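Participant: Same order as they appear, the protein sequences are chains A and B. Take the position in the first sequence, starting the count at 1, then add 3; the result is the number in this note's numbering. Take the position in the second sequence, starting the count at 1, then add 3; the result is the number in this note's numbering.
Since no wrong hints were added, every one of them can be taken at face value.
Treat identical chains as interchangeable: a pair holds within one or across any two.
With a straight-line cut-off of 35 Å between C-alpha atoms, the simulated DSBU-like cross-links for lysine-lysine are: (1) Lys22 to Lys290; (2) Lys362 to Lys163; (3) Lys273 to Lys65; (4) Lys138 to Lys192; (5) Lys211 to Lys89; (6) Lys294 to Lys10.
Quick caveat, the hints were computed from the structure, so don't treat them as lab data. Note that the coordinates shown come from a computational prediction; the quantities given were computed from them, not determined experimentally.
Number of protein chains: 2
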Amino acid sequence: MNFKINKKELLDALNISSKAVSSTTPLPTLSGIKFEIKNDHINLISSDSNISILIVLDNKEKEILTVEQEGEIVIDSKYILEIVRKTDGDIINFETLDGDYIKIFGINSEYKINGMSGNDYPTIAFNDIESATNKFVLSGAEFFNIVNQTIFACSQSGIKVALTGVNFKAENGILEVKASDSYRLAFKKIQLADEYKELNFNFTIPAKYLGDITHSVSLAQNITITFDNQKVDFSFSNINIQTRLIDDVFPDASKLISNTYTQKVLINSKELLNAIDRTSFIKSEGKNIIKMDINNDSILITSNDQISSSFEKLPIISFEGEPIEVSCSGKYLIDAVKALDCEETCLTFSGNLKPFIVKNENDDSLIQIISPVRTYK
Amino acid sequence: MNFKINKKELLDALNISSKAVSSTTPLPTLSGIKFEIKNDHINLISSDSNISILIVLDNKEKEILTVEQEGEIVIDSKYILEIVRKTDGDIINFETLDGDYIKIFGINSEYKINGMSGNDYPTIAFNDIESATNKFVLSGAEFFNIVNQTIFACSQSGIKVALTGVNFKAENGILEVKASDSYRLAFKKIQLADEYKELNFNFTIPAKYLGDITHSVSLAQNITITFDNQKVDFSFSNINIQTRLIDDVFPDASKLISNTYTQKVLINSKELLNAIDRTSFIKSEGKNIIKMDINNDSILITSNDQISSSFEKLPIISFEGEPIEVSCSGKYLIDAVKALDCEETCLTFSGNLKPFIVKNENDDSLIQIISPVRTYK
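From just these sequences and the hints, can you work out the full model?
Facilitator: So, in structure tokens, the structure goes:
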């Protein structure tokens, strides 16, 4: 093995690669990143067996790589990141000294490190994007939005496995994306491109990995998503990220979404967020529960704990129905309003203990549903 | 109790006050900040029994306070900070509702909170700066420098109590400030103003509290330091911070500081820092030990752990003596060079296992001493 490569390109790639490295693995090679040095490109492979990343570095877009001698090696991810970060100069040189003992050097700084044999690294079957039939394409920005408008609603507890992921379901050209922790639901609906009309699927991606992927994806022009029963691959630019799917059925939430209501209130989103934020430090049993007394001209938001209480009077834009009193988690309401990201938030109620809907009045593509809590006066 | 006060001024004061609040105290009132509302000023008092802070808010510099009714109350520090931070408007109103139950309000937001009685708060004897005889004055910037050039060398382990503090000693108008963890020593010497020539003292301030104080002090014009056998008070602008002293004798370090040497090397500080930094991730038994091979034209810095090794060749500016090989903690050398903050660093050695001196060649007021470590090849 003998090659030299642009430092910045390699460092950027390693920073993404390292996200899939396992810190607690019984398989020592999984704590490293595998370098497959080929004649005209390098594959960087990393995996923690739930999520795997393949990055291809080549000279197609610009001249970054010179390979003198092919080879394979696995290098501990902590070390290789630090070494590449700290080596001086713009070009980094890699040279085999003896077996898996290699030298990495810049101008004045030089490192020698014991790697691990590439043969000991497990084989990871990344999907071949060209030949896959189960696939669809989203723009990077669209995918980023979809995930960020839903993922926060996933369950943190892990008691219901399906709820620790974000559900993607397609039927008749409509993609529905859902996340829920039983007490709230985030529901996003988009139209897929015409060519995917026949595509039917229903899979749930672990939120933990989806979050990591979304960070890397946001800048990508397009992202190709290929899937089978066990795993899903996200491909964009020179990166392929694969994650396993959750092997459990996501509950049907359609009955929660009703178009009828008994009360409807329209309120300035920023004022609502600020008002709840001002009560957010008041936590009873670790939760910030707010009570909203809604009537024709205002919402009175109250919050209590053992030693203090907070009162906020907010003007409303419009109101339909009888005055109503609803209590809910302040954090859930903040999350929902932030995900909507619109100037005016519309709340519709069907009773003070029934789940209520938070949405942009003129847009049905994103719906947030929150279950009220019972409070005692 | 009934008063209104400028929100920003109160918040700034509470942010400082809260540093002395105890989170784990058997005395409930110590988890709060005491408000003493007098006719023309408010005293804010906080203490965790090791460090105590008194802040006086009045209208002397600008109009910030209107007192309608005097009173005393202790309010939980977490709550009062959040309430003051989150209340809307520029002015905050405080009003007694019933006993220690008070109302705090801005424009649209209102809080009610149960305080604690001021009578339950322990009496803290802050030094009266005017009448104190044991006192001296330093500029805020000078004090900030003195502390930051020494405090990092304090012991973190706490095995030798005296070494967990910074020692201040004055004799014949010279103030010596020392910190050490047995393996290194930071030693700063300054001339006190003429009026303090007769002042003799030797006390050690816990590093933990001194660090907190230094942050608050840096912007102060002048800081008046008053002391007795148990405690020291730092007074600046409207703030008085008091901390207990360490009740243990600081070891005599004078014999470590020798003016003779067998080797002397001058090196560019920035290049040295960068070179050590590039090895800093290589840690054997949790420590980054570097070996310096110094000869007439360069320093070769080597660092090893079980799986990797690093080599750096640094040019030197000048060298006197025979080639020498010294190993030491890379972190200690970085700390010392950073504290000196000069373009060229001078290292003088008296043997490869004897403590060596790191200093600015032309300035004896700050000396850093580091003990080498024995390494095995």
